[in-house]
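Participant: Sequence:
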Amino acid sequence: MASNFAATARDIARQFSQESGFEVRIITASTGKLYAQIVNGAPFDILLAADAERPQRLAASGAGVPGTRFTYAFGGLVLWSRQVDACRETLRHDDGGRVAIANPETAPYGAAARSFLKRSGLWESLRGRLVIGENIAQTLQFAASGNAQLGFIARSQLQSPSLPRATCSWPVPATMHSGIDQQAILLRRGADAEGAKSFLTYLRGAAGRAIILRHGYRLPEVKE
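Letter by letter, the sequence shown follows residues -17 to 206 in the working numbering.
It is worth saying that the hints were derived from the structure and are not from the lab. Among the hints, erroneous ones may be present.
[To be verified] EDC-like cross-link-like pairs, simulated, lysine to aspartate or glutamate; straight-line CA separation at most 20 Å:
#1 K100 to D67
#2 K15 to D(-7)
#3 K15 to E5
#4 K15 to E116
#5 K179 to D(-7)
#6 K179 to E71
#7 K15 to D163
#8 K179 to D76
#9 K179 to E5
#10 K100 to E87
#11 K15 to E1
#12 K15 to E87
Being a predicted model, the structure only gives us computed values, none of them experimental.
Let the hints inform the model, and build the full structure from the sequences given.
Facilitator: Put into structure tokens, the structure is as follows:
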């Protein structure tokens, strides 16, 4: 599953396992990396992506089970620092230091950060200052450790109890970056796995949604 959702998924899996008896094994990486692994035969039953594009591709190629793709959460992007006092203003300064983002080619949160910077006219001027994380988890490490003065992180990561105290934090308006529609899909390998199908049902049910909301995500509307 996508790195940004790891802590949330562990909470859901723990509660799901207690109630159902099914064991859940969680593998985390950037969405793009997980997609490549699935295409190359990785033995996964479910993909919890941080975008809609890869689940759509898997469904179209037959690697995903038709009719099982759905949006389980909407992610948010935050510009965060533990070193500067004014995140957005510092971002625009030529001497504002290094800026961490997830790899925009493989990580949807990185793609969202890139789209914000392009829409703001900052992408070209900042490219030499960027520190690229393999995924959003590594991006947060860069910002939290001080290897980057600013970082574009996932809103859900603000819930982490180990996160250092921020000196500034600016939620990037959703209208200023590409959408982060996080979708799930049952993979062909898991088509007959009762545990996998039950987990997806639990994820989109009341118990799963409550945990997702508690971790700082927005939820899709429930269709009657």
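Participant: For every hint, state whether the structure bears it out.
Facilitator: Comparing the hints with the structure gives:
For the hint linking K100 to D67, the alpha-carbon distance of about 23 Å lies beyond 20 Å, and the restraint is violated. The suggested pairing of K15 with D(-7) is violated, with an alpha-carbon distance near 23 Å, which exceeds 20 Å. For the proposed pair K15 and E5, the alpha carbon gap of about 24 Å is over 20 Å, so the pair is violated. Pair hint K15 plus E116 holds up; C-alpha atoms about 9 Å apart against a cutoff of 20 Å.
Of the pairs offered as hints, the one joining K179 and D(-7) holds, with about 18 Å between alpha carbons and a cut-off of 20 Å not exceeded. Note on K179 and E71: the hinted pairing is violated, with a Cα-Cα distance of about 47 Å set against a maximum of 20 Å. For the proposed pair K15 and D163, the alpha carbon gap of about 18 Å is at most 20 Å, so the pair holds. Distance check on the hinted pair: K179 and D76 sit about 50 Å apart at the alpha-carbon level, beyond 20 Å; violated.
Only pairs whose Cα atoms come within 20 Å are accepted, and K179 paired with E5 is accepted, the gap being roughly 13 Å. Of the pairs offered as hints, the one joining K100 and E87 holds, with about 15 Å between alpha carbons and a cut-off of 20 Å not exceeded. Distance restraint check for K15 and E1: the Cα-Cα separation of roughly 31 Å exceeds the 20 Å cut-off, and the hinted pair is therefore not satisfied. Distance check on the hinted pair: K15 and E87 sit about 10 Å apart at the alpha-carbon level, within 20 Å; holds.
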